[in-house]
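Single-letter residue listing:
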Amino acid sequence: MGLALEAVCKSYGQVEVLRPVFLDVADGEFLTLLGPSGSGKTTILRLIGGFTQPSGGRIRFDGRDLTRVPTNRRPFNTVFQDYALFPHMTVAANIGYGPMIRGRAKAEIGRIVAEALDTVGLGHLPERYPAELSGGQRQRVALARAIVCEPKLILLDEPLSALDSSLRHQMQTFLKDLQRRIGTTFLFVTHDQEEAIAMSDRIVVMNAGAIEQIGTPKDIYYAPKTRFVAEFVGDNNFLAATIGADMIETPLFSLPRPAHVPPGPRPAMAAVRPELVGLAAAAAGGLAVDCTVEEVAFVGAVSRVKLRPLGAPGEVLVAKSTSAHAIAALVPGAVVTASIRPEDVAVVELGR
Amino acid sequence: MRKSVLERLVEAALGGLALLVLLVLYAPIGISALFSVVPVDQAGIHWDAATLDWYARLAGNESVVAAVRATALVGVLSVAVATALALLLAFYVEWSEALARRFVEVVVYLPFLMPPIVTGLALLIFLDQAGVSRGLATVVVGHTALVLAVLYRLILTRLRALPKSLVEASLDLGAGRWQTFRHVLWPQLRSAVATGALLALTLSFDETLVTVFLAGDATTLPLRLWGMMRVGFTPEINALVTLVLGASIALAIVVAARLKPQPRSEDS
Amino acid sequence: MSGEGGATLHPGLRLAAFALVAAAPVVLVVVPIASFVVMSFWRVDGPDIVPDASLANYAGFFSSPAYWRTFLSTLLLCAEVTAVGLVVGYPVAYFIWRRRGRLRFFLLLIFVMPLFMSYIVKIYTMRSILGLNGFLNQALVASGILEAPSLVFLYNRTAILITMSVIFLPFVILPIYLSLERIPGNLMHASADLGAGAGTTFRHVVLPLSLPGTVAGALFAFVLALGDFVTPQMVGGPSGFTFGRVIWSQFGLAFNWPFGAALGVIMFAFALLVIAAAGWASGRQRV
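Residue numbers (my numbering), protein chains in the order written: chain A, 1 to 352; chain B, 1 to 268; chain C, 1 to 287.
In isolation and in its complexed conformation, chain A is listed as follows (with noise of 0.2 Å):
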């Protein structure tokens, strides 16, 4: 049945942080929470975790009523932002604290601390103190205290914040085959829309403590519902746009109306992925822009490329393009053919 929050908000004196929110939450996935600082991502997660109370609504699991259920007796385990590892017990007591407060034996103790650290290897390590750690080794201490009790739900409030990138990107896909290995449902909590998009198998985007659009990473990457969603993840080109009958007109092109759209007349706007527009040859049935070129910017593996169309000076493009040939023969002032298919154009709806 897993977690269910209906109707849950939050409000601190007059400053409503967190709007009515309806969310489930699969048995099993990977679901991250991602937005800006101040969205309400973490209030869900402190919510869920049983930190704040709710100023209204209910959070369910299982089919039981746990909103007045205090932290300690909630069958999840967070894993802190600051890992909040006890800094005066060793990463073996810092693991066991769960099992011990259960009132398990000791040497049952032992062999669960054990087991935990070898999953998240650091098993040459239960003597050490948290001070004597780097921050990876810590992140990894403060998850395995999280598993070893083995929760529903384990909470990860940003904890990949504090590395650096490289080990970032180590630290998403251990977490991402560690979470497939127990099968026990995370929720992840971050403001980083790549390490989101890596992990997640749903993404719930978040914005000024309302929920801006919940879907899979490639849903939400390729069709987004909002503008801030559009706007908030990757890069994008944005176009007013004018929703018509049959067709959609924004100042470059003229495109058919998808099936999903519903009919206008109503405004609206077009967003197309940098990387999706073409600067090889024109392919067939592709909407083509002519435009001059304006700056080219090296940014390691992609290059940004800032179009302005002839036909529309006012507007501005922007390709993306890993194509070393192509770009060779892009230089300030020449011309080009930028070409877009349709099905790459995004319709957002404006309004809330």
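Derived by calculation from the structure, the hints in this document are not laboratory data.
Note that CB positions come from ideal geometry on N, CA and C, so glycine has one too.
Wrong hints could be hidden among the right ones.
[What the hints assert, rightly or not] For lysine-lysine, the following DSBU-like pairs were computed, each having C-alpha atoms within a straight-line distance of at most 35 Å:
#1 A/K106 / A/K152
#2 A/K176 / A/K218
#3 A/K225 / A/K320
#4 B/K164 / A/K176
#5 A/K218 / A/K306
#6 A/K106 / B/K164
#7 A/K320 / A/K306
#8 B/K164 / A/K152
#9 A/K152 / A/K176
[What the hints assert, rightly or not] Here are some of the chain A residues that sit facing chain B, going by a computed Cβ distance under 8 Å:
#10 F30
#11 G49
#12 N77
#13 T78
#14 F80
#15 C149
Fit chains B and C to the given chain A structure using the hints.
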């Protein structure tokens, strides 16, 4: 940053001042120590007659020994009570749902901020009106009121420095409030409590102004010293004084060592 | 302990918790202060203290020049002690602060150590130093500055001033040092980076930022000096009568507790005023 000539001069002048001040601050102590061993009278200082006799005589002096015992008893009792109270108050003030936290804090700090004479006479009047006769018990009450502020401040500072997430983590892992205190908070607070207790003990040993109001017929070491000094000075007093100073310095060094900033961070 | 790990408590429980916890401080502090304020309105009748409700004691204080002159001269004395403390203490604290590493810690320790030394002992030894046969006189005579030992150092107001200054100096040095220490090192670097010399940096950066600690130190010295009645008695002689001694005698030989309580209330009110003023002054710092 390299220093200019003028800067160096100024710093040398300041250093000179500091040295002078140091001499003035320690002169009383040095002299006491000196005259506890070397006899001095109208004729002058008799360096050759240096002796430790007076220290030996102190041990036999009943009233002094009794005063020391009383002082120790008062110190230990008032620090014990004040520690328990300070812990209670510190947790209360940090509890977000507590009522009137500001009020409690102000009341705790008040005896420490007020001229001791005011604290002394307030307690005297209150205890007298309540029908409690003056003695060591009332001295303990007075010392507790004074020392509470010091312990409270040290414990509160340490408590506030602990990341909130530690308590949340403990609860998250299934511990109840008492277990959280026992396994997570107390080990972290132990050191602040010990330092505070030592500091409080030092303050209690030396406390005169409030004690004078509350002691009645009983006597503590500072009061005994005061009595002895009103009469005049003898080498025995110097001996006692030097011993007291020696003990204070020892305690001060221990407290200082504990309060010294650690190079290693304790937080995870 | 933590924020809201469980359900929000019933208001009745919160009140009960407050009553339980606040009981001790209230009994130790609030009730005694209340009772001594109350007694200040009573009076004596022979050997008895009679509950009453009159302002006679306060009237007595304000109408009698002897009392309020003593009060004012005591305030002046305390201000002098504070001034000496600041003038001497600030440079010393600054000097300690400018040292590096272990030397700094060691210096701080030896300047603060006197705080741990017996108060009575310090007064006593000051008395023996300042006396006719004391060290100071002997040193002055031996070095030729004086021809004969002088009586001027003891049993007068000057003696009280000197003794209190020596005793309360560490109380001033410590808070000043602590507030200097709190100044982030990179502010000093920034000031130098922008072209300021040491003197300018001191005037515009160090001095303003160390003001809260300086005020605290001054306050400490002032309030402690105000209530001190042992020092005046030991080194003040007949002319060294401070307000503290006056109050003390009401509880001793003079046996007029209500009057003593009234005088105590006046001192208490004044001390509160000074603390409030200092708190307001340092609150205006945007530190």
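Right, here's what the structure says about each hint:
A hinted pair counts as satisfied when its Cα atoms are at most 35 Å apart, and A/K106 with A/K152 qualifies at roughly 24 Å. Our distance criterion of 35 Å between C-alpha atoms is met by A/K176 and A/K218, whose separation comes to about 17 Å. Restraint check: the Cα-Cα separation between A/K225 and A/K320 comes to about 23 Å, which is no more than 35 Å; the hinted pair holds. At roughly 28 Å between alpha-carbon atoms, B/K164 and A/K176 fall within 35 Å of each other, so this suggested pair holds.
With a C-alpha separation of about 25 Å, the suggested pairing of A/K218 with A/K306 holds against the 35 Å cut-off. Of the pairs offered as hints, the one joining A/K106 and B/K164 holds, with about 29 Å between alpha carbons and a cut-off of 35 Å not exceeded. Proximity of A/K320 to A/K306 is assessed by CA-CA distance (about 9 Å); at most 35 Å being required, the pair is judged to hold. A hinted pair counts as satisfied when its Cα atoms are at most 35 Å apart, and B/K164 with A/K152 qualifies at roughly 24 Å.
The suggested pairing of A/K152 with A/K176 holds, with an alpha-carbon distance near 17 Å, which does not exceed 35 Å. With 8 Å as the threshold, the beta carbon of A/F30 stays out of range of chain B, its nearest partner Cβ sitting at about 20 Å, so the hint is violated. Checking A/G49 against chain B: minimum C-beta separation of about 6 Å stays under 8 Å; hint holds. Annotation: interface hint on A/N77 holds; nearest CB of chain B at approximately 6 Å, less than 8 Å.
This hint holds: A/T78 has a C-beta 5 Å from the nearest C-beta of chain B, less than the 8 Å allowed. Given the 8 Å rule on beta carbons, the hint for A/F80 holds: about 5 Å separates it from the nearest Cβ of chain B. The criterion of a C-beta within 8 Å of any C-beta in chain B is met by A/C149, whose closest approach is roughly 7 Å, and the hint holds.
This entry does not satisfy hint 10, going by the numbered hints stated previously; all others are met.
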